[in-house]
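Asks: Here are the chains, one letter per residue:
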Amino acid sequence: MKKLPIDRKTLLSAKPLRNTLITWDDNEEELQLRVPMKQSKPSRLWRFLFGFPEQKNIHLDLLGSEVWKMCNGKNSVQDIVKSIQERYNLSRKEAEVSTLEYLRKLMSKHLIGLNITGRKI
Amino acid sequence: MNWKLTGWEGINLSVPEDWELSSVDGNREKGTFSLDDGYSIRVEVEWEYPKSTFSMENLIEKYMKELIKKGKNIKCNIVKIKTNFFADKSGAILHWKNHEEGYSSVSYCKKCGRVLFLRVYFPDKRRSKEIFTRILNSLSEHPEQGRETWAIYKLVFSAPENLKRISSSLKAGDITFTFQETQGKGEISLSQIALGNILLKKQPLSAWTKERMGGKIIEEKQEERDNHSYFYFRYKKKTLSLAWEKGVSWYCPISRRIFLVTGNTDPSLLKIYCHQEK
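Residue numbers (our numbering), protein chains in the order written: chain V, 1 to 121; chain P, 1001 to 1278.
In isolation and in its complexed conformation, chain P is listed as follows:
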């Protein structure tokens, strides 16, 4: 079984290759995302910062009741496997069985004060413990060297932790993220477009970029580097702002995708892994 990284809002975990993002909600402070295998939900992750009166024991009890309720009156057998299993966190690992099998972890991070719920479902009950253990061991929820990794579908990139996601569009084959600096007015957008080889069959990258940006481009520069063709440009947004913003687009012949980074800050703030080295 091949595994891959999934990352959203600073939470990273390794999952089987065919488990893909199914839904997202919320922001860095409170939110949720789930992954499915094409047939059913396999992973659910929830996070929030609890109120000042907080007890881990109460939280676990409440969570267990919610799990029973979610079982839709089917007899649910919940076993608390371990408590305070985590090194820098307090929490518990639960195992439940009804019409399906699942594992959950509830953890409170002593460093950042965030509560994280991880639920992994196994409708086929195969290799459940092994898979859950690997997912749990891969779980990380803090930036490394000041950067957060984002990984969904086939888009993998890292962003400085002071960039906050303000919007995202997750259309099949056309993903866009927009980030804003938490202090300051810097804004940066990243788009990844699949089937680049087909899109660039009839027009060069520069023409494609102009079409995508709406033809407001000046100061173009093309560059070939590491078998990738880059197109640097400056452009003006439709807003009343007088400032010209920077952008770069490139085509990766290995992943066969087009990447486009635009914004009023340095495009190199985002580190994009446009292809996986073999």
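Bound-form chain V, shown alone:
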């Protein structure tokens, strides 16, 4: 994935936002995300010909689900790190490295975006 052209301080103050096209059931501990597939003509044709599903399901584990729920555009990356650190009794570095890596993965799959002082990445 392309490296973000932002420094650590800016990254921690950025607010992750979920992709609004994605749906999930809120009553489960481990979430199952439903990601709609592309609606372009070739994609529709492929789906028609080979019976591919209309949406892709992504299963998040317990920790991933908690991070996902916190990506509401109100919590900053720092807030999420702090919450994970306290909840799971992790050191600052343990919480930060794992949360940032996870957010990077979500971003690379276009499941979330980052709101950096009004600017979206």
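Some hints could be false.
Taking lysine to aspartate or glutamate and the DMTMM-like style, the derived pairs with C-alpha atoms no more than 20 Å apart in a straight line are [unchecked claim]:
#: 1; chain 1: V; residue 1: K9; chain 2: P; residue 2: E1100
#: 2; chain 1: V; residue 1: K9; chain 2: P; residue 2: D1036
#: 3; chain 1: P; residue 1: K1201; chain 2: V; residue 2: E28
#: 4; chain 1: P; residue 1: K1201; chain 2: V; residue 2: E30
#: 5; chain 1: P; residue 1: K1129; chain 2: P; residue 2: E1017
#: 6; chain 1: V; residue 1: K82; chain 2: P; residue 2: E1017
#: 7; chain 1: P; residue 1: K1201; chain 2: V; residue 2: E66
#: 8; chain 1: P; residue 1: K1129; chain 2: P; residue 2: E1101
#: 9; chain 1: V; residue 1: K82; chain 2: P; residue 2: D1018
#: 10; chain 1: V; residue 1: K9; chain 2: P; residue 2: D1037
#: 11; chain 1: V; residue 1: K82; chain 2: P; residue 2: D1036
#: 12; chain 1: P; residue 1: K1202; chain 2: V; residue 2: D61
#: 13; chain 1: P; residue 1: K1030; chain 2: P; residue 2: E1046
#: 14; chain 1: V; residue 1: K9; chain 2: P; residue 2: D1018
#: 15; chain 1: P; residue 1: K1202; chain 2: V; residue 2: E30
#: 16; chain 1: V; residue 1: K82; chain 2: P; residue 2: D1037
#: 17; chain 1: P; residue 1: K1201; chain 2: V; residue 2: D61
#: 18; chain 1: P; residue 1: K1171; chain 2: V; residue 2: E101
#: 19; chain 1: V; residue 1: K9; chain 2: P; residue 2: D1124
#: 20; chain 1: P; residue 1: K1202; chain 2: V; residue 2: E29
Computed list of chain P residues with no C-beta within reach of chain V, every gap over 10 Å [claimed, not checked]:
#: 21; residue: S1014
#: 22; residue: T1178
#: 23; residue: T1265
Keep in mind the hints are simulated off the structure, nothing from the lab.
Even glycine gets a Cβ: it sits at the ideal position worked out from N, Cα and C.
Once you have looked at the hints, place chain P on chain V.
Replies: Just chain P now, with coordinates in the frame of chain V:
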């Protein structure tokens, strides 16, 4: 401000809680480690055994020149605060100011002959003297009752001084140390794995241990003690050795971490503080 212990290669010091290990290099004879607060380096510790021709004065002068050089041509004002401040050591405490403020101590231990450099940086220049004094007063570099204390991230344990670290892996949430006896062939490894409560949600400790060890386990025994569940076992390494080695894993519900000790010596050689008593 909460403080915590940091220990590496027999050097222990107390630091503010959010200062964590940032880099390590070297071994017991010569090495360095640094701590950061998430934004910048706050502490650097360096140690070495000097060559036979050694003068403390020359060392301090050389060190002051290095500090000026490190200041990257920014006017650096260095003040020697105290010399021979330490009871069992010779050395000096320096204070410098340029774009940031910092304190250094250079000390030569008359007991073990080791030179130790301690640098503490204060980018925000707040409470710098108070913090440095507390760090310096907490600094210890000798084993106590024959044991060395190691403390990084949330792993705190002590090891006999005759065990030498031969490798360490410091991945976030998965830390492993391997030690070897300085005389003899004894080897022992310790791993600490975070998020144990999540890892053990879908499988018991025994299954997790078998998976981690690669399924070469015999003679299993489980034990519940002090609210901790222990799993004792014997296993065979992939090497050609015919000997079966010993191991124990346990889950600490307070720190929510899994600990795993394996080796061909007694696992109880390492004293692990798996949680802090409240």
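Asks: Against each hint, give a clear statement of whether it holds in the structure.
Replies: So, going through the hints one by one against the coordinates:
Proposed proximity of V/K9 and P/E1100 is supported: the alpha carbons are some 19 Å apart, at most 20 Å. In summary, the hint linking V/K9 to P/D1036 is supported, as the alpha carbons are separated by about 14 Å, within the 20 Å threshold. Distance check on the hinted pair: P/K1201 and V/E28 sit about 16 Å apart at the alpha-carbon level, within 20 Å; holds. A threshold of 20 Å between alpha carbons decides the hint, and for P/K1201 with V/E30 the separation of about 12 Å falls inside it, so the pair holds.
Note on P/K1129 and P/E1017: the hinted pairing holds, with a Cα-Cα distance of about 17 Å set against a maximum of 20 Å. Under the criterion of a C-alpha separation no larger than 20 Å, the hint pairing V/K82 with P/E1017 is consistent with the structure, at around 14 Å. Restraint check for P/K1201 and V/E66: satisfied, since their Cα atoms lie roughly 16 Å apart, inside the 20 Å limit. Distance check on the hinted pair: P/K1129 and P/E1101 sit about 10 Å apart at the alpha-carbon level, within 20 Å; holds.
For a cut-off of 20 Å, the pair hint linking V/K82 to P/D1018 stands: about 12 Å separates their Cα positions. Straight-line distance between C-alpha atoms of V/K9 and P/D1037 comes to about 12 Å, which keeps the hinted pair within the 20 Å bound. As the CA atoms of V/K82 and P/D1036 are separated by approximately 17 Å, the hinted pair is consistent with the 20 Å bound. Between P/K1202 and V/D61 the CA atoms are separated by roughly 11 Å; this keeps the pair inside 20 Å, and the hint holds.
Restraint check for P/K1030 and P/E1046: the C-alpha separation of about 8 Å stays at or below 20 Å, so the hint holds. Among the hinted pairs, V/K9 with P/D1018 is consistent with the structure: their alpha-carbon atoms are about 16 Å apart, no more than 20 Å. For the given pair, P/K1202 sits about 13 Å from V/E30 by alpha-carbon distance, which is consistent with the 20 Å threshold. With a C-alpha separation of about 14 Å, the suggested pairing of V/K82 with P/D1037 holds against the 20 Å cut-off.
Among the hinted pairs, P/K1201 with V/D61 is consistent with the structure: their alpha-carbon atoms are about 11 Å apart, no more than 20 Å. A threshold of 20 Å between alpha carbons decides the hint, and for P/K1171 with V/E101 the separation of about 13 Å falls inside it, so the pair holds. Using a Cα cut-off of 20 Å, the hinted pair V/K9 and P/D1124 holds, with the two alpha carbons roughly 15 Å apart. At most 20 Å may separate the alpha-carbon atoms for a hinted pair to count; P/K1202 and V/E29 meet this at roughly 14 Å.
With a least beta-carbon separation of about 16 Å from chain V, P/S1014 lies farther than 10 Å from that chain, consistent with its non-interface assignment. No beta-carbon of chain V is positioned within 10 Å of the beta-carbon of P/T1178; the least distance is around 21 Å. Listed as a non-interface residue, P/T1265 keeps its Cβ farther than 10 Å from every Cβ of chain V; the least gap is roughly 29 Å.
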